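As they're listed, the protein sequences go chains A and B. For the record, in the first sequence the residue sitting at position 22 is 22 according to this note's numbering, with numbers rising by one throughout. For the record, in the second sequence the residue sitting at position 203 is 203 according to this note's numbering, with numbers rising by one throughout.
By construction, these hints were calculated from the structure, which means they are not laboratory data. Among the hints, erroneous ones may be present.
To be verified - With beta-carbon atoms standing in for the labels, derived distance ranges:
(1) A:158 / B:250: 24 to 30 angstroms
(2) A:136 / B:72: 57 to 63 angstroms
(3) B:199 / A:232: 35 to 41 angstroms
(4) A:160 / B:161: 50 to 56 angstroms
(5) B:205 / A:125: 38 to 44 angstroms
(6) B:199 / A:97: 23 to 29 angstroms
(7) A:139 / B:106: 55 to 61 angstroms
(8) B:80 / A:73: 20 to 26 angstroms
(9) B:205 / A:160: 41 to 47 angstroms
Unchecked claim - In silico DSS-like pairs for lysine-lysine, Cα to Cα no more than 30 angstroms straight-line:
(10) A:31 / A:8
(11) A:188 / A:60
(12) B:48 / A:15
(13) A:31 / B:9
(14) B:12 / A:27
(15) B:48 / A:27
(16) A:31 / A:15
Stated by the list, open to error - Residues of chain A clear of chain B, computed beta-carbon distances all greater than 12 angstroms:
(17) 40
(18) 55
(19) 85
(20) 216
(21) 250
If you're wondering where the values come from, they're calculated on a predicted model, not measured in any experiment. Even for Gly, the Cβ is constructed at its ideal location relative to N, Cα and C.
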Amino acid sequence: MAAIPKEKPSAVDEKRAEFARYKADVKARGKPFYPYAMFHDTIMSLVVVCTIIGLAVIWKWSAWAPGHDPTHPGILGPEIDSPANPGTTSFVPRPDWYFYFLFYLLRVFKWPESVFLGTIGVPTIALVLLLMLPFLDRRQVRRPSARPVAMVAAVLTIVSMGVLTWKGATANEALASEVVQNIPKWIKDEQLPKNAVPGVNLFARAGCTACHTYDGVGGALLGAPDLTQIADRHLGIATQIKHLNNPSSVTPGSPMPSFSSLGQERLRQLAIFLEASKGTH
Amino acid sequence: MATTAYKRKPSKSELRRQTVEELVVYPFDWLEERSGLVGGIKYFLFRKVPADINWMQTLGSAALTAFLVQAITGVILAMYYVPSADIDPHTGQPVAWESIVNITDHLTLGWLVRGMHRWGASIFIILMFLHMGRVFLFGAYKYPRELNWIVGVLILVMGMMEGFTGYLLPWDQTAYWATVVGINLNGTAPFLGPWLAQFLRGGQEISGATLTRFYSLHMLVIPGGIIALITLHLYLVIRLGVTSPPWSEDAAGGEPEEADAERRRSGLTRPVPRPAGAQAMQAEPGGSE
């Protein structure tokens, strides 16, 4: 046994030896958790609780008092929005801030074929990489200066998540009141017939431009296609109505919500308008 | 009792004192004898941690505190919140929405409880991310703490699921439409996506059925999972110990082989006999405690 001391110990042996050394070191020279570490933990916890209470107080006192309008926004947003109403589709969806990075990721993948990447693909890959981190980085060295790859990867991740969160927070949403001003231009550009006018009004007010672009106005969320020349696809009024009622019945896996709550008459108006949209002239 | 130099009867005050001490100690001894819990708590409190741990290492317990705030305020909110999308015939408003307005405007300190729950969620998420950043910076996910990193990531994911399900409960426009899109996003996943979307909605459309299942997920299923995972997380932290900051001169378990006389001079790291093979195999990672 003693004859082979020069043999290099395996990586696993070294890891085990280092951990045994750590345990012995802590036992010999460490200090007890109580009161030292617990003191720091307690102070930090008090800071956390005070911050939470502080936010709640600012939220209340800047926004409302009893007998007020509960939707009045203060510094930190309103107490509550108006009640959920499946009938009004003009509302622009907005998640809580910590989902902004995912929300904005959807805009990076604009093309319908790549929507899946933005919604599930990239987040899933990122999550698997995060879970597997200890197995991807198997070296035992812990000093940041000795881990350039890990540090660069971390900085890139933080910067990209920060940028996506910031872009998501400041993204310009197409507000119905602003979109409505484009109606005369749309009618002129597209030479829409008279029977398409109720549909174009509905289109501007129902929140379609939150995801779709029309004649240069609107978003490109969730890979929603540009509808400026949608009539060129010759889908027909019946298919358009079917799609508005239940998008995934026409385009399997479509992330578009159902607009059946508008009522069949209005969906017909929308369909007429879409089938009249033959592009700008 | 060892025989002392002189024998005298203990005074009345000494006897009284002894009785009181026995009364105080008795329940602890009783509990310890039957459960070992007192010893466990003592071990938790007086276990050694490296002498050079720093403030960044309080982020984990700070996240735990934020979670406890969420748990306590959540229990109180659950006493008054009504998860119903039905329309109140008297006011024409959804019952869930009304109960939130009632909590914030009419209940004593209801605004504080709801405000703390609302903002505590953000603080909890921020602290989990910061804590994860600290663990990454310290390389504290490396052997033998790989499993605890995975448990931590799962807690983060479940925390974000809490955020997603809790966002719907006020049943206002923001909540409703964010959830419509959020569920549709899940629906784009291959194979399981449409099934998952259908399951979350409880049907084709978001309705009262969606609200009740989000409520159940938000206050029973996911918190149960988080509590279980936090318990495992803490168990592993106590079993494996806390790492020293990697740049510390005093780092516990530092490299002894390095001909780094400067560092060794401090007498803080001791060489371990090599080859480590046979001996290291016996040193169980669980520690000798």
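Now for the hints, and whether the structure bears them out:
1. Look at residue 158 of chain A against residue 250 of chain B: about 29 angstroms separates their beta carbons, and that is inside 24 to 30 angstroms.
2. At about 38 angstroms, the CB distance of residue 136 of chain A to residue 72 of chain B disagrees with the hint of 57 to 63 angstroms.
3. Checking the proposed 35 to 41 angstroms range against residue 199 of chain B and residue 232 of chain A shows it holds: the Cβ atoms sit about 38 angstroms from each other.
4. At roughly 22 angstroms, the beta-carbon separation of residue 160 of chain A and residue 161 of chain B lies outside the given 50 to 56 angstroms, and the hint is violated.
5. In this structure the supplied range 38 to 44 angstroms is violated for residue 205 of chain B paired with residue 125 of chain A, their Cβ-Cβ distance being about 31 angstroms.
6. Between residue 199 of chain B and residue 97 of chain A the CB atoms are about 26 angstroms apart, so this pair conforms to the stated range of 23 to 29 angstroms.
7. The given range of 55 to 61 angstroms is respected by residue 139 of chain A and residue 106 of chain B, whose C-beta atoms sit roughly 59 angstroms from each other.
8. A beta carbon spacing of about 24 angstroms between residue 80 of chain B and residue 73 of chain A agrees with the range 20 to 26 angstroms that was offered as a hint.
9. Hint check: residue 205 of chain B to residue 160 of chain A, Cβ distance near 35 angstroms, so the stated range 41 to 47 angstroms is violated.
10. Pair hint residue 31 of chain A plus residue 8 of chain A does not hold up; C-alpha atoms about 34 angstroms apart against a cutoff of 30 angstroms.
11. Restraint check for residue 188 of chain A and residue 60 of chain A: not satisfied, since their Cα atoms lie roughly 48 angstroms apart, outside the 30 angstroms limit.
12. For the given pair, residue 48 of chain B sits about 21 angstroms from residue 15 of chain A by alpha-carbon distance, which is consistent with the 30 angstroms threshold.
13. For the given pair, residue 31 of chain A sits about 42 angstroms from residue 9 of chain B by alpha-carbon distance, which is inconsistent with the 30 angstroms threshold.
14. In summary, the hint linking residue 12 of chain B to residue 27 of chain A is not supported, as the alpha carbons are separated by about 44 angstroms, beyond the 30 angstroms threshold.
15. A distance of roughly 6 angstroms separates the Cα atoms of residue 48 of chain B and residue 27 of chain A; the hinted pair therefore holds under the 30 angstroms criterion.
16. At roughly 24 angstroms between alpha-carbon atoms, residue 31 of chain A and residue 15 of chain A fall within 30 angstroms of each other, so this suggested pair holds.
17. The beta carbon of residue 40 of chain A sits about 5 angstroms from the closest Cβ of chain B, which is not more than 12 angstroms, so the claim that it is off the interface is violated.
18. The non-interface label for residue 55 of chain A is inconsistent with chain B: the shortest C-beta to C-beta separation is roughly 4 angstroms, within 12 angstroms.
19. Against the 12 angstroms criterion, residue 85 of chain A falls within the reach of chain B, whose nearest CB is about 7 angstroms from its own CB.
20. Even its closest Cβ contact with chain B, about 23 angstroms, leaves residue 216 of chain A beyond 12 angstroms, as expected for a residue assigned away from the interface.
21. Every C-beta of chain B lies more than 12 angstroms from that of residue 250 of chain A, the closest at about 14 angstroms, which supports listing it as non-interface.
Violated hints for the displayed structure, listed by number in ascending order: 2, 4, 5, 9, 10, 11, 13, 14, 17, 18, 19.
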